[in-house]
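Q: Residue numbers (our numbering), protein chains in the order written: chain P, 704 to 822; chain V, -18 to 525; chain D, 34 to 175; chain F, 2 to 277.
Heads up, some of the hints might be wrong.
[Claimed, not checked] A few chain P residues facing chain V, derived, Cβ under 8 angstroms:
hint, residue
1, L719
2, W727
3, Y730
4, L803
5, I809
Just so you know, the hints here were simulated from the structure itself, not pulled from any lab data.
As the structure is a computational prediction, the values presented were derived from the model and not from experiment.
C-beta atoms are modelled at their ideal positions from N, C-alpha and C, and glycine is treated no differently.
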Amino acid sequence: MFLDPLTATLILSGVLAFTALITWFIYSVVKSNPTNVSEEFKEPYLAGEPTSTLSRIDAPSNTLFWGFIYGLSRKLYHYLRERMHSGILNEWGEYMSVYLGLLSLIGLLFTALILLRGG
Amino acid sequence: MIGLNSVGVLVPSLVGFAFILPLLGKLIKNVKFFHIYAALASLWAAILATYNAYLVFTAGTQVYPFGGWPPPLGIAYELDKLNALLGMVTALVMLAITIYSAWYLKDYEGVAYYYTLLLGLEVGLIGCLYTGDAFNLFVMLEVLSISAYALVGFYRSKPEAVEAAIKYGMFGAVATTLYFVGLVFIYATFGTLNMADLAFKLTFYVYYPVPNPFSGTFFGNPYVASAVALALALWAFTYKSAAFPNHFWLPDAHPEAPTPVSAALSGLVVNVGVYAIVRFLYTIFGPSAFVVQLRDAVLIALLVLGIASGLIGALMMVVQEDIKRLLAYSTISHIGLVLVGVAIGTSSTLNQNSLAYVLGLAGGIYHMVNHTLGKALLFLVSGILIALAGGSRKLDDIGGVGRRYPLVSLALFLGVFQLLGVPPFGGFFSKLLIYSAYMEAGMPYVSLMVILISAISLLGYVKLIYASVFKVGSPKVEQTTKVSLPTAIVLALGIACLVTGLATTYITSMMFDVVGSFATPQGVYDYWQSFFNTLLNLASGVMR
Amino acid sequence: MRFLKVRNMDINGFLFVFMLSTIMLNLVISLYGVFARPSLIKKIIALTILSDSGNVLAIAVGFRDWPSGWSPSTPPVLNVTSPKASDVVSFARVAVDPLPQALVLTAVVIGLAVMLFLVFLTLQIYRLYGTTDVRKVAKLKG
Amino acid sequence: MRLGRYLQAFSLVALAVLLAVALTYKGLGDLPNPAVRDLALWYLYTTLNPEVPNMTVMSPEAVTAIVWDYRGLDTLFETMVFFLAIVGALAIMRGITLNEGGEGLHIERYGLSLITKTATKLLVPLIIGVSASIALHGHLTPGGGFQGGSAAAVAPLLVLVIFSTYYVVFKLRLSELSMISLRTLGLMGIYMTSFATLILGLVIGVNAYIFQNMPKANAFIGLPPALGGSLISGTLFFFNLFEFFAVAAGFTLVFILLSIPEVKAREVLKGEEHGH
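Extracted from the complex, chain P is given alone in its bound form (with noise of 0.2 angstroms):
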């Protein structure tokens, strides 16, 4: 079914029509950025565009796109990069041994299933 020729055909132009839109919108958007250096504010870095741009605290138009993802992730962001991926080696234990804890969990129900079942 999904290798039906034309079904494919079509699928496959589409997505590399799509792509290359985006591609391009993308590229137009971020094309040319005036750079106004500010290096108190490190942010993190969403799209194509310098550093130096995301840290403007008036956003560019044709930032925008990113600066409304940006706004919209803010929090997501910070937990992703500042709580998760903090490079402490114990707070990785932590995530690592609950879903070891999860894992044992899955085994002990397991367990009782079958013992409750007179295995």
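With chain P's structure known, arrange chains V, D and F on it following the hints.
A: Coordinates of chains V, D and F only, in the frame set by chain P:
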């Protein structure tokens, strides 16, 4: 007879190449010798691995018993289509990486140590894939891990590199030790360590209650032992494959390693983790094993982890400033997709919708191969770009270097398209397979997640392309750097990426073949049958 | 549901069960040590305890209970170099399981090798960072 | 205490409970069990059994038989892990050595008192002798190449502590190069031994396997079980012998690396260029 020997000879013979290298490093001062030596060793491995794959695809599953001992008594290498294929891909990509190293390491001391460790990595990789023995898998994982730790910390005076190595190594040692504890439970209850034998006891013994002549039956409660062993083994394997909560080491370790090693780690080492998961969940604790509820629960957990690591990898990729770190997060995202693909085989999917089952697994394996090619290519390209930009890994500093080197940029585009899933490339078809598998299985949300992950990661890839090709900056191009050798290698890999897409009809049917050889009840039965025939063949002269 | 039945629940049987529980507890405590201690050296020590607990567990699995007080279980070593069939049979009746011991031998060497390398890395960390506290060894993040 | 800490503690408790439940409900089988597993019985029956000449190791020591014959591949790669760990250590310490020559040093002025030095001189040959005996009787009694080698490495360690590292490197000439050479000798010996029967088989044109020791039902060749009337168990003796050299040299190398003064390491590391 020669054919069977090639299965057994490949990995042990590489050991000798590595053993003698440190002494040669002390005696021979010409660096060129080591480049040629390592390339020859890799070539030898590539030829044998390709031949083995050919053998398996034409003559069926191959079993090589070491020492002539019938398998549960001794160790056997068991090659079915899955590990033969992955072994071939691994050996070929390692060959490319080894040749690339000759350019990368042009004037660096410690070259002999570097190549020794790289050969150790190759031994570990292929050994992990080929082995048919669960304890031997543990040993090979350690060979793989210790060479990986040492290679990550190769730039020993760079604080970040040593930090990444110890972070990787510390929890890596925990992971393999936990796997060993799991193996103790397996041996205690099943009385055997051979994978095919374990598969028999877990799947077919219920229907065919004849104890194995060497390993007997059960010696404990198999349900409980399976629960413990699977929990511990899965934790270890997800650590090696860098799935979500165990992924932390990857974005540190992969960028800090020497670039060819980053390519090997990102493209190949994580595959071994996924391979081990697949081998455990589809062959040993196979689709019709009696611990079916446990298996289902674990697979659902794996699906959730896969989606989580896909999303987190893609999200984190978007905000990176370091080209290699960006690629490392992309690895996490793609391993997530592969796990989503291989997590489809719950009992309900198998029974109600075998098409989805095959599609998902084929997509997962296909995507694993595609990702290997694409990611190795991108890391090698990043090495060229970094060298041209004067050694800085920051995307800002690379600033459009690629525009002056159109062939390098072409390779970069090929790799990005492969990973992004642009139509004529393999990545598209494998993602499509995973997508349609979950549509077929009646889980459209998972399919949407696959699209969402690709969409988010698009931002990251666009950033990569923009920074390295389109950006108008003034990078300090090192004019003296000659890049013809690495360009040839990355172009070859790029063509391989293109081929995985253009030959998709052929490759997809081959992937269905591969899935049939390890994941269906019939495939598991054949896997056991080859093992048992070897056992009978070897024991017949003695047991009468 | 049958609980662990220890043959001849005497002092030896009690000690055996006690040892097994201790190993299990040791596994988890050393795991906590690796995950939560801040010093790399402490982590390495905890790792040693973890792998040794696993090894002792394997040895315990291969242990053979005494068939009777007069024929205790023996090490898996024949004490004649040209045995008759009866020698081999009586040897196999009392010797403990040699496979876990061989596995442990392999695992011990591997654990030692990994530990050796981790110690070198920690030494190098100390040279470069001046500390082995993982909360301070965190240049890489995000 | 943050939430993560609580979850961590809870998870580890869950693991402990799982292990305890597994122990209680026979996840490890009956413990202790008066019987052993079938596989173990096979090992015990065939480790030294002249009645089944096609299926024996001809070694009374079942553990060594498993380590170097039944599961010899594991041990080859175990050796490789140890080898790679030392190569990793060498790679970390590359370029960090003691000063060349050591002419300006009064080596005899370093180290502990005369009494300890004399006692060490008496002790070292004994250590070497005992450890060689452990290694060479590995196929007959508990012990083997690794155990003998690590015991033998105590001798250079003792000399290192009591006489100083300069004595070891410049007087005894146990330098990095000589240790690597000895180690390569041992490792290549192991490598060659594991392929010996296969190569023999290929030369005379019969079926043979890697790591084959005694003749098998479908591979009729093997190494001699006894030499001059004393049991050597085919490849086992050679494996133990070479492993002895490899391990002793490997540990000595590690001790030498660890005893290099910290000042030298910092000198080399300071301002070193590194790649990307």
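Q: Hint validation: Y730 of chain P versus chain V, beta carbon distance must be below 8 angstroms. Holds or violated?
A: With a closest approach of 6 angstroms, the Y730 of chain P hint holds.
Q: Can you verify the interface hint for I809 of chain P: is its Cβ closer than 8 angstroms to any Cβ in chain V?
A: At about 5 angstroms, which falls below the 8 angstroms cut-off, the nearest Cβ of chain V leaves the hint on I809 of chain P intact, so it holds.
Q: Against chain V, with CB atoms and a cut of 8 angstroms, does the hint on L719 of chain P hold up?
A: holds (5 angstroms)
Q: Per the CB criterion, is W727 of chain P less than 8 angstroms away from chain V?
A: Constraint on W727 of chain P not satisfied, violated at 11 angstroms.
Q: Against chain V, run the beta carbon of L803 of chain P and see if the smallest gap drops under 8 angstroms.
A: holds (5 angstroms)
Hint 2 from the earlier list is the only one contradicted by this structure; the remaining hints agree with it.
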